[in-house]
Structure formats: structure tokens, C-alpha cells
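Given the structure of chain A, go ahead and fit chain B onto it with the hints provided.
Quick note, the sequences are listed as chains A and B, same order. Each residue of the first sequence is one higher than the one before, counting from 1 in our numbering. Each residue of the second sequence is one higher than the one before, counting from 1001 in our numbering.
Because the hints were derived from the structure by calculation, they are not lab data. Just so you know, not all the hints are guaranteed correct.
Said to hold, decoys possible - Taking CB as the label site, the calculated pair distances span:
#1 A/TYR148 to B/ARG1214: 16 to 24 Å
#2 B/TYR1215 to A/HIS141: 29 to 37 Å
#3 B/ILE1256 to A/HIS141: 21 to 29 Å
As the structure is a prediction and not an experimental result, all values here were calculated from the model. Idealized CB from N, CA, C, for every residue including glycine.
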Amino acid sequence: MFDDNKKDILFSLSDVTFGYADGEPVLKHVQFSVCRGERISILGANGCGKSTLLKILAGLLFPLQGEVLAFGRKLDRKKFADTYAKEYHSKVGYIFQDSDVQLFCSTVYEEIAFGPMQLGLSKEDVSKRVNDICTMMGIMHLLDKTPYKLSGGEKKKVALASVLILQPDILIMDEPTNDLDPRTQSWLVRLLDTLHRTGKTLIFATHNLDLIAQISDRAILFDENHMIAADLPVRELLCKEDLLIRVNLVDENYTYAD
Amino acid sequence: MSVKPDTKYISLPDWMTEPAIRAPAQPSAGKLNFLRKTMKKISQVFENEFFCEKYAARPLFWQNIDTRVKIIISLLFLILSSLVSNPVTLVILASIPLFYAKLSGLPLRVHFRRVWLYIPLVSFFLTLPAATNLFVQGKVMFYLFQPGFQGMKDGLYFTIPGLLASLRIMLRAGISISFCFLLLLTTRWSQITGALMSLRVPVLFVSIMNMTYRYIFVLLLMANNRMEARFLRTVGKLKAADNRSFVGQTTAHLFIRSQDYADEVYDAMCCRGYSREPARTKPPHLQRTDIIFIFSNILIVLFLAAGESVLHV
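Isolated chain B (complex conformation):
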């Protein structure tokens, strides 16, 4: 190292004053880039839609209903969806939250894509192996391997009951997510937790939900920043193993940080007089529109339950 006599300056290693070694222009690591972009999108959804209460602030249909009513009606539909088995009934059930979303000013195409194009589709594909004649016997839908192929006497095929079972799982997953999304996007978080407390959901459960909601964005932001920091120092070729190890380390780091946060948040709450019993506010009375909404939805539920016994597949 060259030591400069002037103590005002710090002596730099020789190579730092020489021309820098530069990586040539080359394509980026696709998979991690994909992960970085996906995480950025997720945090944007949280930031711009949940936290800004973008849709919850609009005085439209679902927003004007009492939150307790919305929770109970959503639960009612979810219970019904798990009890009925007819795909037609399930499709009608799936269209109800979409209809409410439209009336509540949610962009239908985005809502449909978010709800139906990820988890329900993945659920459907994951259950496909169970829809074959190896697990569920029944009429042939279509053959994967004809009888006699590789010594398989009956061949390998999807059965109609098997595919219907996969379809039911997909529809039930979609209906659940659809109602959750509808509730979260059109209701202020404080109203949801308030309604849960007035519905006698245990305080501890509501408190944990509250803290998760507050800090999930902080943790997401932290994960995002780490991704960006790595992107900024990715100046050449990285091994796939390095990328995997980075994802593992980030997960571990976030886990440790969330524990630290939990401790600090709890201490901060105690310092401000928290005694494990959050203050309750008196819930407001139900309005006439809420009562009408309850009865109309109960009618829909009864109609679908009755239709279930009439329809046969």
C-alpha cells in the first residue's frame, strides 16, 4: 500500500488508483431478477392498495355495509362452498364476489387475475394426479396412456369424478380468496379488527393479526431493499448456488429481524400502557341497508342450497 504523508487524507491501496476492472455488458440473472420484480410488485400492492385504502375509501356498495355483516356473510358463503359439491352451484358462488367487486368499484379484470390465475389454478394442477383412475374410479374423460401401454391393463386416464373433484378444490380455493380480497380491499383494517373484536374473536388473535398487518410491509420493504442492494452489486456472473443461498439468507435475516421487531413493538406498547387488554369501542348499530343485505344474502344462500339438491351432474 502506498502511504501518503498528508494525514488529512486516507492512504488508498495502489489498485484503487489504477483503472478499474469492468464487467462487459451481459444479460442479467433471469430467475433472481424475476424474484426481485415479483417482490416489488407485491410491496406495491400492499403500499398502494391495502395501506392507502385505495378502494376502501370509496363510498360504494360493499364499502357501505357494516364490517361485521360483511365478515358474517363472507363466512356464510365460505361454509356453503365447502358443503355444496355441484360445480354449477360452485360457479354461481364464485360469481357472487365478482359481482360485488364490480359494484364496489374494483377493477374486475385485475381482481379476476389476482384471485383466479394463481392459487386456484395451482391447486387444480397439483390435484390432477389424483384425478386419474389410479386414485378415483369412474368414467373415462380422456386417456393419457391407452390400455396395454407398458403393461397397464386399463391404461392411465383422467376420470370424470376425479376431474370434478379437482375442479371443486379449485373453485373452493378461488371462492375463499375472492371473498378475502373483497373484504380486505374494500374495508379499512381498523374496521376489520374492530368488527372481529365485537364478534368476540379472542383479543390475542386480533392483536397478532394487527401487528402482522403493520409489520408485513416493513419486512417486505426490507426484503426488497436487500434484493436491490444485491442487484446493485451484481456486476458479473453469479452461480445458481449463490442465488439459492442468497434467498435462504434473506429468509433467515427477515426471520431474525421480525423477532427483534416483535420484541421492540411489545416493549413500545407496554411503555404506552398496554396491559394485554386493548381498549374496546362500542360497536355501532346496524343500518337498514345492512339488514336488507343480510336477508338478501341469506335468500341467495338458501336458493343455492335448494338448487344443489335439484341439480345433478
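Just chain A, same shape as in the assembly:
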């Protein structure tokens, strides 16, 4: 069993390096910890390894070198897939960048009910939870629809609902505002704020610098050499224009307006 109470550190990465076969490393010597209740944004230029890092935290990839401790336990490829995956995935929710690939059931109801159906809840309980979460998300009218035919924003909401219904302790989102119109973005910020108030740990990978100060307190910035360039409070990092230019995240016209 994973030990939730071992201090407040949920993730601890030490000297993590990851790469695909015969390719350049995608992550090099990554080292940081995530404490319970933190809100963290992972920043960096395209291809710096943000999504790979999130996949490692979600238990989809395993480092070539170094160690990842999650809930005080080392994530080991063999043991993980055989025994711990289910328990782990009920604690760590992951929202893909492309919601389309995340939705695999024939109706929205089945999609959202997929997780709780496996937990031994009665049909009535599952149905109540699905209705509650759909009311919260404003997607009750979509319940009988096919996920494939929804708009980008609706797909994102369904993907979020299908993960949140499992009550994960940690929510990981890759580019959370992709495909969202401004109104839905603002709704998402409110939702993430609410989830943070309930003690959830939130980790995002994003390019949206206008958003990160609203959804996170800490930022980890990756350099193009796939190493961490800075790990600072968000507002402090956003003021470091030279650093952001050096890692190729912004151009010379960038100015931070708090």
C-alpha cells in the first residue's frame, strides 16, 4: 500500500533522466519534490520534456536513471503495472492535452461512470455521482451523447468529470486551457481554485503565461537542454524576463504585468 501520511511529500524526484530508445534524453537530472496541496506549473519551450515529466508522474513512463518516489514508495515499472497501478491511478488523475484520445466510451454517461463502476458502488450511487458531477460541470444535457461528437470545450469538461469523479488527491493536467474559449477558461480557473481549497494537489504543464499566476503558486521552468532552469514562486519567475527569454519561452517583447 502507498503510505499517504509519510510527511507531506507526495512526489520526490531525484536525478531523473528519461529518453526514448536511441534518442536524445528528453529529461536530464530532474530533481524536485511536490508537497500535498501545492499548485505547480511546469513551464518550458516546446519539446523541453514537460509532457514526458507529467507522464512519469502519472505512472505511464518510468525513468531510465534516477528515482521517483510517490506517496513514499519507489515507482518501479514491473511491480507498478502488476500490483499498484489501480490504487495509484485512483489517487493520481491525469488529463491529456488532447481530450479526444481520453474519451473511449460510447456515451458521456458511460465515460464518467467508467471509474466509479469499478469501485464496487451500487448503480444508484454511481448514477447519483454522475448526475452531481455533471450538474457541477454544466454538462447534464450531454449525458446521452457520443463523446466523439462534442466540441473541444465539452470534451475537456467530460474528461475532467471522468477523472474528478474518482476523487483523486492529485490532478495532473497537460495544457489545461487547450481548446477552451475564454468563458470556459475562466470557469476552469474557478473550478481549479475550488479544488485547491479542498486540499487537492494540482500540477499543470502549460505555455499560457497569463493563466499560470491564477492557477499555481510555484513554477518549475525547463530549459531547452531538458534540465530544470528554475524552481520559483510563480510571480517571482514571471518577473525574470531574461531567464524566460534565455530558455526560449518568450521573446524580447515580453513584459510581465501583475
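Coordinates of chain B only, in the frame set by chain A:
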């Protein structure tokens, strides 16, 4: 639902603020896990070996031969393999692409495993029922059931001609795959399509091949992501029927997506001036090494064809 007065926040259902129901640690669903891993491996092969041109970029033996020559020689060997029936000739034919693979820097063990341990073996086992005396008469290789068993007068046995026929099918399948793999791994895709066009293969056929090659990886990646998404939300016990239905839905989804992609790609091509007639580039002249390669391979083909009439099984 508890409604919080502060409009800055969204009101959460009561159960969302209560302790979560967690699945106990339990073994994963083996079959779907196997499927997920297999698909991941396939996409890795595409990503790391075909698309990165890992072997095609090396200036070794088979890589230095003109692509048109490679295609024609491969076809020549494939035609020969379908015409000859002697297993010894077929085994020699099967060893030729392995020899070329070795000279071209392909890891022989991996190449052998990929080529021979799947499709040819499956072909062999699938044809085994036809190798019995029920279908092919001949000398007994070994008995499955002795004469008189359950009223079978002659019993049930594998015949030598039957097993030889199965072996031939296996070897022919292996030879075909072996040459295809050799060609694909050691040649840039653009060179293959260019060579096909200069060999007067219909443009439509080459265009479809090109689009398939470009988008097969995208679709594979999509299927992979769906598998991973499901794996991430598999927090308890699933029924076998659910797994089957998931595989069916994924297939249907990919089919629909590939149709969408095909339409979008065609529109994008039209927007960039495509008029159903891709531009042709003038094929380069054959080098001396290509000519030597052609003649040496024709000699091998003639030698094997002559040997076929000499050898008897």
C-alpha cells in the same frame, strides 16, 4: 449538493469533499495490459526505426544500392520463391535477405525474431490440419491417432508431403516478409515512393501508400493514448466483456478518425496546389555497383533455379 455563497468558487457535491473510496492493490487485467504493451512496442518500432531512418541513414551495403534495383531484385526473389518447391532451395532463398541484412548493419537476432517468429510460424501452425492424411495422402511422418482409434481405419497422421507443403508456405511467407523488412528498414520512404513512380507504378497507388505511411503512426499514437487513458482510469475490476467492447470501440473510433484525416489531408493538399498528379523528379542513372549487384543476383537466381531441377526430396 452544498451551495457555497461565494461565487468565486464552484459548489462541489458533498461526496467530493468526503474521504475518497479507494480500490485495494490488486493485479492488473493481463490481456489488455498485454495489448497496451504490444501497441506501445509497435509504435516504438515505427517511431524509432522507420521514421527516424535509423538504419537507412547508414552508408552500408544494401543502403548504397539504387532503390529501383532493390525493388526489382526483391521482386525477382519473391517470384522465384513462389515458383520453386524444394525446401532446400527455399531455405537458401530465406538465408539471402538475412545475409544482406547482416551486411547492411541490421541486428541479425532482432531481424530474425521479427521476421520468422510471428507470421511464418503462425502460417505453419494454421496449415498443419491440412498436412494430415485427411487432406494430403502420402508416407506417414508420425501418427496422431493409431489405426483403429475411434473407428478410424487408417488412423490420423501427418504425411510427409503434407508437412512439406506447410513448410513451403512458412518459408515463402518468411522470405516475403524478410525482403520487405530489409527494403523498408534500409531505404528512405521518399526513395521507395520515388523508385515506384519511376518504375511506372500508378500514381494513385503510390499516393495512397504515402498517406498511409504518414498517418499510420498518427493513428497508432491515437490508439496508444486511448489505451493509456483507459489504463489511467482502471482503478478496480473490469469485466472481460468491457475489455472486448473497448477494443471494438477503439477500432471504430480510429476508423472514423482516419476518414476525417483523409478528408482533411486531401483538402490541405488541394489548398497547396495538388491536382492529382504529383511532381515527378528525373530518376538518377544506375551506378556501376548497381549493375554488378543486378548481375550477381541474377546469377544467384539462375543458380537456384538450376539447382531446383537437380535437387529432389
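Hint by hint, here is what the structure shows:
{"no.": "1", "hint": "A/TYR148 to B/ARG1214: 16 to 24 Å", "verdict": "23 Å, holds"}
{"no.": "2", "hint": "B/TYR1215 to A/HIS141: 29 to 37 Å", "verdict": "34 Å, holds"}
{"no.": "3", "hint": "B/ILE1256 to A/HIS141: 21 to 29 Å", "verdict": "23 Å, holds"}
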